[in-house]
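Chemist: Now for the letters of each chain:
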Amino acid sequence: MSVNFALWPSLPRSSYSLAEQYGETTIADMIADMIGATNEIEPAGGFRQLDPRVISLWRLNNAIASAVILLLVLGLWLLSSLGLFENLEPDIAVKPLAAVGLVLIVALLAWFTWWRPPRLYSAWGYRIDDRVLETRSGLLIRVTRLLPLARVQHVDLQRGPFERMMGLASLVLYTAGTHSASITVPGLDADEAVRLRDHLVEIGGDDAV
Amino acid sequence: MPSDLPDAGDNPKPLSSILEGRLHPLTLLFSISGSIRRLIIPSIPLLVFGSRITTAVIVGLMVALTVIRALVRYFSFSYRVEGSDLVTEQGLLGRTQRHIPLDRVQEISIEQGVLHRIFGVVDAKIETAGGQGAEATLSVLSRDEAERLRNAVFARAAALKGSLAKETEKETGEQSEPALSRVTLPERTVIRRLSLGDLVMAGITSNHLLSALVLVGTLWAFVDDILPESIYKRAANTIADATGRLLEQGARTAVLVTALLVILILAISVLFSLIGSVVLFYGFTFSTSGEDLHRSYGLLTQRSSSLPRRRIQVLEIEQKFLRRLLGLATLRADTVGSHSDESEERNHGRDVLLPVVKREEVDELLPVFFPDLEPEAPAWQQVSPLAVRRGTFQGGAVCLLITAATVYYQGSAWGLWPLVLLPLIYWANLVRYRNLGYSLGDRYFRTRRGWLGRSVHIVPIRKSQVVEIHQSVFDKRLGLASLVVDTAGQAFTGGGPQISNLPVEEAYQVARALAQRAAATEYKL
Numbered sequence: 001m002s003v004n005f006a007l008w009p010s011l012p013r014s015s016y017s018l019a020e021q022y023g024e025t026t027i028a029d030m031i032a033d034m035i036g037a038t039n040e041i042e043p044a045g046g047f048r049q050l051d052p053r054v055i056s057l058w059r060l061n062n063a064i065a066s067a068v069i070l071l072l073v074l075g076l077w078l079l080s081s082l083g084l085f086e087n088l089e090p091d092i093a094v095k096p097l098a099a100v101g102l103v104l105i106v107a108l109l110a111w112f113t114w115w116r117p118p119r120l121y122s123a124w125g126y127r128i129d130d131r132v133l134e135t136r137s138g139l140l141i142r143v144t145r146l147l148p149l150a151r152v153q154h155v156d157l158q159r160g161p162f163e164r165m166m167g168l169a170s171l172v173l174y175t176a177g178t179h180s181a182s183i184t185v186p187g188l189d190a191d192e193a194v195r196l197r198d199h200l201v202e203i204g205g206d207d208a209v
Numbered sequence: 210m211p212s213d214l215p216d217a218g219d220n221p222k223p224l225s226s227i228l229e230g231r232l233h234p235l236t237l238l239f240s241i242s243g244s245i246r247r248l249i250i251p252s253i254p255l256l257v258f259g260s261r262i263t264t265a266v267i268v269g270l271m272v273a274l275t276v277i278r279a280l281v282r283y284f285s286f287s288y289r290v291e292g293s294d295l296v297t298e299q300g301l302l303g304r305t306q307r308h309i310p311l312d313r314v315q316e317i318s319i320e321q322g323v324l325h326r327i328f329g330v331v332d333a334k335i336e337t338a339g340g341q342g343a344e345a346t347l348s349v350l351s352r353d354e355a356e357r358l359r360n361a362v363f364a365r366a367a368a369l370k371g372s373l374a375k376e377t378e379k380e381t382g383e384q385s386e387p388a389l390s391r392v393t394l395p396e397r398t399v400i401r402r403l404s405l406g407d408l409v410m411a412g413i414t415s416n417h418l419l420s421a422l423v424l425v426g427t428l429w430a431f432v433d434d435i436l437p438e439s440i441y442k443r444a445a446n447t448i449a450d451a452t453g454r455l456l457e458q459g460a461r462t463a464v465l466v467t468a469l470l471v472i473l474i475l476a477i478s479v480l481f482s483l484i485g486s487v488v489l490f491y492g493f494t495f496s497t498s499g500e501d502l503h504r505s506y507g508l509l510t511q512r513s514s515s516l517p518r519r520r521i522q523v524l525e526i527e528q529k530f531l532r533r534l535l536g537l538a539t540l541r542a543d544t545v546g547s548h549s550d551e552s553e554e555r556n557h558g559r560d561v562l563l564p565v566v567k568r569e570e571v572d573e574l575l576p577v578f579f580p581d582l583e584p585e586a587p588a589w590q591q592v593s594p595l596a597v598r599r600g601t602f603q604g605g606a607v608c609l610l611i612t613a614a615t616v617y618y619q620g621s622a623w624g625l626w627p628l629v630l631l632p633l634i635y636w637a638n639l640v641r642y643r644n645l646g647y648s649l650g651d652r653y654f655r656t657r658r659g660w661l662g663r664s665v666h667i668v669p670i671r672k673s674q675v676v677e678i679h680q681s682v683f684d685k686r687l688g689l690a691s692l693v694v695d696t697a698g699q700a701f702t703g704g705g706p707q708i709s710n711l712p713v714e715e716a717y718q719v720a721r722a723l724a725q726r727a728a729a730t731e732y733k734l
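Sequence lines, in order, name chains A and B. Using my numbering, read the first sequence as starting at 1 and increasing by one per residue. Using my numbering, read the second sequence as starting at 210 and increasing by one per residue.
Distance windows between CB atoms, simulated: (1) A/S182 x B/G303: 27 to 35 Å; (2) A/A181 x B/G536: 33 to 41 Å; (3) B/G704 x A/L78: 44 to 52 Å; (4) B/I400 x A/V172: 38 to 46 Å; (5) A/V172 x B/A729: 23 to 31 Å; (6) B/I400 x A/P52: 53 to 61 Å; (7) B/R598 x A/V172: 35 to 43 Å; (8) B/R598 x A/S182: 33 to 41 Å; (9) A/A181 x B/R652: 20 to 28 Å; (10) A/L79 x B/L610: 33 to 41 Å.
Anything over 10 Å on all C-beta distances counts as not near chain A; from chain B, calculated: (11) F258; (12) G303; (13) E354.
Partial list, derived from the structure: chain B residues whose beta carbon lies under 7 Å from chain A: (14) Q674; (15) V675; (16) I678; (17) H679; (18) S681; (19) D695; (20) A697; (21) A720; (22) A727.
Derived from the structure by calculation, the hints contain no laboratory data. Heads up, the beta-carbon is just placed ideally off N, CA and C, and yes, glycines get one too.
Isolated chain B (complex conformation):
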């Protein structure tokens, strides 16, 4: 691949290192304690079954090996910013040198566990587009050193861009020297700080059990509206009768215990999601400096990450059912570096850009992520109304199958109860149809979908890699198709922008418009 960066061979002088560093001496302590922690469980059988001497020898050997590895790592590891690359070197006998081009750095994240905080050190991870997970993990660095590294990498990447532009302008021998001296970053502006109240709301609304309960409640209210009073009363009587019979059989305690248990489980699960949210996102601060977005959060383990906003491939405004009821939303983003198969990233809160925000405030925030977003988004286009019929047929078919099964097993007309769901299925599909849509702008493509929950995907058209149209046998029959926009790193936004039930010709027109548009614009800003 041809490099668009200054060549090291032409001008070796300005490419001298501007930042050099080694790991913090505490690396020794952290890597040894880490290894020992990992060794504890495998050694349990040894401690239980082995004889004293063999145990002592084996454990001693393992500890010695760990210490040696930590020592080697500490003394042999070094990193520096050299020219346009971040270089890490490691290894005693076989030295491994890794060059990471600065303009390929997607994200730098810094993590600080409780133990780290006591000693004032951090782990730094450098993410690029390739491979799985971090390209380089610097563990551990002093807090200041990590900050210096991060600033240096981003300022340097920006400076390289600037100097490159200058060079092409006048093509003098001035090179990147002036850019080098500017290793300062623009001021940080705090965009949003989440209060404890916000996090409590986020925690409660992330609870699945509670969502289910509210959903049942909502459906009940809906059913309550339609059904005539008499049926309602009869059902209530039936339930009362059944309960009465149960009670007569001495099941009073059982019912009571079950009810209490359900309430207890619900309370515990709400409490846990609340605590989880507060611990993970405590003190969440979202700020920007120039091109870069910064997040920092955490009560026990503190995390912070910086990513250049041009790395965002897809943005999702996600509203799960409970959050939508409360007018809240979550912002998620995919970057080239995101990998969905690491559940760790979710546990670390890496998948959200902003855990909770009021829905009506989202629109004001969008230019922070996409500065060239059209101020007036083009109107939403709806899909074919055939979607309602089709969804109802599909849902109805499943419903009929279930009915057949219940009738077969119950052997009476009471087995017909699933048919009650038919109007609900129709209603659900109607709501889903109303909310299914897309908006094709000059630079951005948006899709929205959802029934109880909602989600809006925004993709910069220049980030689209492949546009696909799928037409199943049923689609063909109805003259419909679905459209998918594939971008890099789709991991956290639920599969990215896609829209089904488009009339087929419209799908082709939109797809061709997207592809032509993407081909005509540069991927890199």
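Just chain A, same shape as in the assembly:
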């Protein structure tokens, strides 16, 4: 199982061992991964991390989404306890089941709001040399994207209201690709994002479709 890399003598070999990071995972680790209990993923080999403020941003965004969902669920619960769905209620004991369900939903939302963002943050990394942008992200499915900078069609700088509040920005790179037509790098410091965009536009050249 070997590749002939003699064709690319100058090819930068990965300076960190992925097997060290991801290999030899046990089922316990997998579960830990899913519930977000343990381990940090140290970005190595020149990977840059996002701005740590992005954790608060994600928490804020997720808190809003969770609040909406929770309100809906509570509303339904309230309506059913007022007896509005009486004719729909089956014979079996629904109340304890509903309580368990509610606890589960709250737990899930809490995980989503509080524990997931820092883990997502540590999973995120990006690096740029003068030719390729490499990003990695994802908790359950880790995705690494390599984008030859010459293929960038255009670059967007996005700043939502909360992002502006926190001095953050997202960079969106568009390619002519079919499935990954755009690559987003979230949670960058606003100044850094502008600098990065200018750099990308400068070296992007005119070799798009």
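Put chain B on the given structure of chain A with help from the hints.
Modeler: Quick look at chain B alone, frame taken from chain A:
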């Protein structure tokens, strides 16, 4: 976006139109008949339920509107090749002018239905990378006019490229004048013509029902080899008994009718796919002229399309199961202009480059599409053998679930029959593993996959837009990853080149090699 073409402001003179045209007068007839055809079904309720006078008024109004629209379209529509652009103009009150840069034209396709053929006219469609479908539809043009347009556009695009190179060389005021006079295309060379026999083969092998039947037959032969004679006999006896009992119950006719029905359905479906293939691809001719690839085909509606070969993003050598048995293959290609969501394109045969070709002849054909293809492809690299174990586990788990269900419902040991499939699952994964591989060349990246059918994807590395590595939780456990190369316009080649079950470090090395390589080469040839 900075234009790399001669600027219209600097030298207006050489940019005078070399080709101007209007639609054929028959446009009127075609657009009116087209609109009326579209109106027939919506008007049925009107004709049935409405009173005579309202019906007459409404139908009259609609027809009048249609006629007016056709008239406006005919009299206001014009097109010309101006400088480096193809310009279309249309509209009476609000005039819409559309400039299509010639070097952005991906493909020009010409279509001629039966009615078109009677009058000797065609529809021409100009495709570019942006948007959905055709950028401009010229309907209808005379046959000669369409041919002239196509030649002019391609010759002009090529000439612009040439003159551009010249200009950068000596930077004189000579401009593109000499290039303008050369509006001739290189000779056409016919690469392949498909005979009626080829099309019949293509039709039969495209039949799904027949494929299923052959698959069952093959599996049966396989099972037959492994199983001891006694079990085989016992099963046959059981079937015979069951049939006998059925017959005793007077089910003779039912069985007979069912069998006949199955045969009839099969025969009809084979006949239909055969007729479909012949009608769609009759007289298929694949030819090249210089940089451009041409296809023309069709019995009733004749279609032809031209595309510059540098527009090919991914090439697929597809071998569905039946075709592989017969040593045949289909060539598919994605261009920037292809859109998978238009089922019309498939019905029109736009998705195939060559509907049927002998597998052993494909390798000789490849340089036609990729002139700089490495003559000796680098050796195929296999993926991790863990793929077999993993696939067998996954298939086995599904199989066990099914077994549990059958045992539960049948309530006897006979419910264990799905377990017979376990060796088959192992075998299938073994075959699939053996055929999973990639080959990383200097300029081209190839992947292959498939179990019963096979497919090979070839992507010019300079066409890759994004290289992705995915690692699921299970991948992580096994230290594996899958790699996907994303290019523009992936529509017809089944998702383009991708390979799973690579050892993770190897995946990263290949991906980085691809990305670095793509970044170092120019997308445009």
